[in-house]
Every structure is written in C-alpha cells, then in structure tokens.
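Next come the chains, spelled out residue by residue.
2 protein chains.
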Amino acid sequence: MSLLVIGTVAFDAIETPFGKTDKIVGGAATFISLAASYFTSKINLVSVVGDDFPQEAIAMLQKRKVNTDGLQIKQGEKTFFWSGKYHNDMNSRDTLDTQLNVLATFDPTIPAEYQDCEFLMLGNLAPSVQHQVLDRLANRPKLVVLDTMNFWMDIALDELTSLLKRVDVLTINDEEARQLSGEYSLVKASQKILAMGPKYLIIKKGEHGALLFYNDQVFFAPALPLEEVFDPTGAGDSFAGGFIGYIAETKDISFDNMKRAVIFGSAMASFSVEKFGTERIQNLNSVEVDERVQQFIDLVQFDISLVG
Amino acid sequence: MSLLVIGTVAFDAIETPFGKTDKIVGGAATFISLAASYFTSKINLVSVVGDDFPQEAIAMLQKRKVNTDGLQIKQGEKTFFWSGKYHNDMNSRDTLDTQLNVLATFDPTIPAEYQDCEFLMLGNLAPSVQHQVLDRLANRPKLVVLDTMNFWMDIALDELTSLLKRVDVLTINDEEARQLSGEYSLVKASQKILAMGPKYLIIKKGEHGALLFYNDQVFFAPALPLEEVFDPTGAGDSFAGGFIGYIAETKDISFDNMKRAVIFGSAMASFSVEKFGTERIQNLNSVEVDERVQQFIDLVQFDISLVG
Numbered sequence: 001m002s003l004l005v006i007g008t009v010a011f012d013a014i015e016t017p018f019g020k021t022d023k024i025v026g027g028a029a030t031f032i033s034l035a036a037s038y039f040t041s042k043i044n045l046v047s048v049v050g051d052d053f054p055q056e057a058i059a060m061l062q063k064r065k066v067n068t069d070g071l072q073i074k075q076g077e078k079t080f081f082w083s084g085k086y087h088n089d090m091n092s093r094d095t096l097d098t099q100l101n102v103l104a105t106f107d108p109t110i111p112a113e114y115q116d117c118e119f120l121m122l123g124n125l126a127p128s129v130q131h132q133v134l135d136r137l138a139n140r141p142k143l144v145v146l147d148t149m150n151f152w153m154d155i156a157l158d159e160l161t162s163l164l165k166r167v168d169v170l171t172i173n174d175e176e177a178r179q180l181s182g183e184y185s186l187v188k189a190s191q192k193i194l195a196m197g198p199k200y201l202i203i204k205k206g207e208h209g210a211l212l213f214y215n216d217q218v219f220f221a222p223a224l225p226l227e228e229v230f231d232p233t234g235a236g237d238s239f240a241g242g243f244i245g246y247i248a249e250t251k252d253i254s255f256d257n258m259k260r261a262v263i264f265g266s267a268m269a270s271f272s273v274e275k276f277g278t279e280r281i282q283n284l285n286s287v288e289v290d291e292r293v294q295q296f297i298d299l300v301q302f303d304i305s306l307v308g
Numbered sequence: 001m002s003l004l005v006i007g008t009v010a011f012d013a014i015e016t017p018f019g020k021t022d023k024i025v026g027g028a029a030t031f032i033s034l035a036a037s038y039f040t041s042k043i044n045l046v047s048v049v050g051d052d053f054p055q056e057a058i059a060m061l062q063k064r065k066v067n068t069d070g071l072q073i074k075q076g077e078k079t080f081f082w083s084g085k086y087h088n089d090m091n092s093r094d095t096l097d098t099q100l101n102v103l104a105t106f107d108p109t110i111p112a113e114y115q116d117c118e119f120l121m122l123g124n125l126a127p128s129v130q131h132q133v134l135d136r137l138a139n140r141p142k143l144v145v146l147d148t149m150n151f152w153m154d155i156a157l158d159e160l161t162s163l164l165k166r167v168d169v170l171t172i173n174d175e176e177a178r179q180l181s182g183e184y185s186l187v188k189a190s191q192k193i194l195a196m197g198p199k200y201l202i203i204k205k206g207e208h209g210a211l212l213f214y215n216d217q218v219f220f221a222p223a224l225p226l227e228e229v230f231d232p233t234g235a236g237d238s239f240a241g242g243f244i245g246y247i248a249e250t251k252d253i254s255f256d257n258m259k260r261a262v263i264f265g266s267a268m269a270s271f272s273v274e275k276f277g278t279e280r281i282q283n284l285n286s287v288e289v290d291e292r293v294q295q296f297i298d299l300v301q302f303d304i305s306l307v308g
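Sequences listed follow chains A and B, in order.
Each residue of the first sequence is one higher than the last, beginning at 1 in the numbering used here.
Each residue of the second sequence is one higher than the last, beginning at 1 in the numbering used here.
Everything labelled a hint here was simulated from the structure, so no lab data went into it.
Since this is a predicted model, take the numbers as computed values, not measurements.
Cβ atoms here follow ideal geometry from the backbone N, Cα and C, with glycine treated the same way.
Treat the hints with care, as some may be off.
Claimed, not checked - Derived lysine to any residue pairs resembling SDA-like cross-links, with alpha carbons at most 25 Å apart:
# : chain 1 : residue 1 : chain 2 : residue 2
1 : B       : K259      : A       : G206
2 : A       : K188      : B       : F276
3 : B       : K165      : B       : R136
4 : A       : K259      : B       : V218
Stated by the list, open to error - Some, not all, of what chain A presents toward chain B, calculated at C-beta under 8 Å:
#  : residue
5  : Y114
6  : L186
7  : K188
8  : P225
9  : R260
10 : I304
What the hints assert, rightly or not - What the simulated footprint calls covered on chain A by chain B, stretch by stretch (three residues with Cβ under 8 Å from a Cβ of chain B suffice, anywhere in the stretch; the number is not a length):
#  : stretch
11 : 209-220
12 : 284-298
Just chain A, same shape as in the assembly (with noise of 0.2 Å):
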C-alpha cells in the first residue's frame, strides 16, 4: 500500500526582499513529495515535465525513495514555469509570469503498480485533471486530500464544486476559505465548506498557524515563529507532504491522528521557508525534524488542570 502525490513539478523564479533566484526547482507535487518523505517511504508520484527539466532533479527525488515512473518527460515540450515576486511582508506575492507549457495538455496516466494507493494527496492543478486522477483509480484510496487554490475557484468553479464531494480532506488558506464559502469568519466558512463535502477542513494561515475542522470541533497548530520567513513558495505545499505523510506511515485517520499530522505539517513548512525552494527540505535529517517538531510542542504546551 503506498501514498500517490499528483501536482505540479515545475521551475520557478522568485524575488524575495532577501534575494532573487534564476530558475529552480518546484511545483507542488516537489514539495509534497520531499516533506512526505521524512515520514513515510512509499510515495508514488504523478505528474509531467518537459525534457528542459534536469535529470539531477529527478534523482535527487529518487534519492528521497520517491518513485517517479509516473513522471512524464514530454520531449521537445517545456516544463511548467511560474514566477514570482513577494512583497515586504511576505504575506502577499505578484505573479510575474506563467508559462503552462506541458502541463496545457496534461494527461495523467497511474502506472499499473500505483494501484494499490491506499493515500491519495491531489496537489494543486486544475480540477478536471484532480477528477480524471480519481476516475483512473480502480479503487476509492482510504483517504483522499485535496489543495486547490482561488485561480480555480474563478475559473473552473463547478468542477471544483464537484470534486469537494469525492475528497475526505481540503486544504485552502484563509482567502480562499472566505472565497469559497462566502463568509469572512473562518468559523462560519468551515461550516459552509465542511457541508460541501469533504469530511476535514484544513485553512492555512501562513505565519498565523493553521486551523483543523471536523464536525463542530477544531483544532489549531500554529506557525512557529521565526526570525525570518526567507521563501514561502511551497510552504503550504510542504505542509500538505507532512500532513500526508505522517497519516500515510501511521495509516490512522482519527481526529486525533490528524492533529499530530497538522503538527508534522507545520514542522515541515516552517523548513521549508528558511531557504529558497526546496533547498532547505532535500537534506534534513531524522533529528532535525524530531527537534523541530519538539519545538513546537514547547511552544504551545501548558498546564491547567480545571477542578470540573
């Protein structure tokens, strides 16, 4: 039984207030497999590059034990690029530029030893491509988490609409939340969402934590805080791969399971902000992360005992 990752393996160019990169690698199948690999170690990953796209790349993913033989390398095509610039804040960014290239005519194909997927993470990409991941399946995995974004909430709305009622999980940052369901209090939009479909609702608030709903309960892991955020390109997407990954090695999709899982997230994504790209979350070792994680524990950890 394995955890199938589908998304984006792309170049991107980015300009933070620290810097400035020339094309590096990303995408959101990068970063949620890499995350997911600390955790769990068979991850199957679907998606498509052009044969621009370096080989080193794909063996340093190969390195992390993630299988690629669902890759696409179109030859004579470009892989996906995206460019951006973050303003001072770091909480919003200006899209410079997006090249779809291969990813207009992407078509995904599930070799036949990706089948036994018992944990399915549906990165960002658009919808109709989500669904036809879903439909190629033999069967329905254990659990399915989706991450979308607002472009297709503007776009491709139905198809979105439809595809909330076949996953178990969502996640979407606070914009999108308010977007998707209308209301401003994130409180009554995880009610609207939530009775959309999928079961969890994950709304990630960037240097605000995130907050886990199902049913009336609710759960909150923070962000931890850092002296400085130095790339938020693929936080949210490392956030999805720990998510993931911790559930997928623990096989156990409790509430309470869950929340270790957003912990392990945020632990991940509070990585991956430290350096450019994927810099930072190629290379940590077992310590590091446990040390993290235990960071975060620390931060939050107190002791009341109420006499009922």
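Could you slot chain B onto chain A? The hints should help.
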C-alpha cells in the same frame, strides 16, 4: 497584599459592522479590573472620572469586589471620551473623537490602604503618569506589568523608554512591537525589546493570538476562533486583566505560570469581544470561565511522543 490597577475609566462610543452604541462605559482600567475579578478578589483601582460618570457603573465595579477608593471623581469636569469605528475586517479602526477631559490633568493618588500592592498593572496611560504611580509606591511591587500603545511611542518615547527599565512585563500588539523595535520579524523585535528592560514580553496579535517571550523561550496562545467578533474594544485590556488577575491570585511569577496566565487572559479577551463594551465580562460565572478555558485546552492540545 493586593493587585493595583491603574488606567482609564472612560466613556466609549463604538461603531462596528454589527451596530453602534451611544456613550457606554469603557476604559482600560475598567476592562482590566473586571477581567481580573474572576481570578482574584483584592483589586484596588486608581483612575479619574468626571461628575458625569454614572454611579451605577461604579457600583458595578464594586459588585465585582473592585475597591474604588482610588477612583477620583472631579466635580464640574467630564470623563475621558473616545469614539471609534471598526472596519469590516475588525482588525483596523478609525478614531472619530478623543476628548481627554479629566485625563488632561490626572494626578494619580495612591490611597494609604493601597500601599500593600504586590502586583501592579499599569494600564494604558501617559508614560509620565505610569512613572508617577511607581514613584508613589513605598515599595516596588513583586511584579509590574505595563500596557502601552503606539500613540505614546509617537509623542513620549523617551518617557516610555525609561519606563521600560522599571517594569517586568510589557504587553503591546504586533504593530507596536514593530514600531518600538524597528524590526518586522516579531522574533527579532522581541529580542530588541527585551534588551530595553522588561524580562517578559507579550505581543498581542488580536484574532491571531498572543506570544509570550522570555529569554530565548517563546510560548504561543491562540485566539479562540469565533463565529463573530462583535466588538474588539477592550480585548487587549481584558487579556491583561485575566493575565494579571491569575498571577496575583497564584502569586507565582515563573514562566510556566505566566503561560497559564496568558491562556486565562486569552479566555477573558474571547468573552470581551462577544458583546459591546464590558457587557459580556460584567456577569460571567465560574462555570462559563472554566468551559472557555477548556475550549482553549481542546483547541491546541495534541499528543506526540518523540523517541529521543
């Protein structure tokens, strides 16, 4: 031994997306005293009002066991008045009117019976007046907590800076921490501010919770996700009141106890915003307070055992 609270007792007129009030009772010391009264019983108030201030409001404070002997009532003068309007997101507001009235000449007198002060809460006021209160106490209290705001950083920075060397705990919001330190990162800001004098720093982030810094340690308390924030006025003061009230009752100024105090403060702030002005925190019962604190425990509690 007792808790001494100094700050404004005032009239507010508030406009929010949910409605609008005429002049209602407000003021930092009012919110602080009320919030503290759920945790400790010996609260001494020092403030000033005009003869337009209603006797019923003073009786309301006394009913909560707040000693008002130090509340000066200036005949022929008017109570401090503030009027403000909140924007749709409730995170920003415009001041519509400020009438200092009795506050312009406030000379804080400390009744002899207040001299047993063990815990001092310097609510938001001119730093010169906060200095005077410290000068007029025969003995330095065991713990001095200071609340201030950006207005005093703009017009009385020198007095504020010297005051910081005389206090143990400073509570300010995130924007004020950035202004005072010149640092955007709250971690960097906290390092600079702790070097200015206070041993503990609490940075209040409104709906995004609060951070407690001490040496190189940090504790985070979330805000409770609420369906509606009805009126944010007094939330920070209610937080400070719950915090200092709990510390005064337990007489424990360790970092671990301050964490608990931050949670109790957060609970009082979460009540305060549910209705206009002091309405919600005038008549709570201990079951409601305990239930609310339990919600905070449930909100952040998770169970991760790391194998060292």
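Structure-based check of each hint:
no.	hint	result
1	K259(B) x G206(A)	24 Å, holds
2	K188(A) x F276(B)	21 Å, holds
3	K165(B) x R136(B)	17 Å, holds
4	K259(A) x V218(B)	21 Å, holds
5	Y114	30 Å, violated
6	L186	6 Å, holds
7	K188	6 Å, holds
8	P225	5 Å, holds
9	R260	5 Å, holds
10	I304	5 Å, holds
11	209-220	holds (count 6)
12	284-298	holds (count 5)
Violation of the numbered hints given earlier is confined to hint 5; every other hint is satisfied by the structure.
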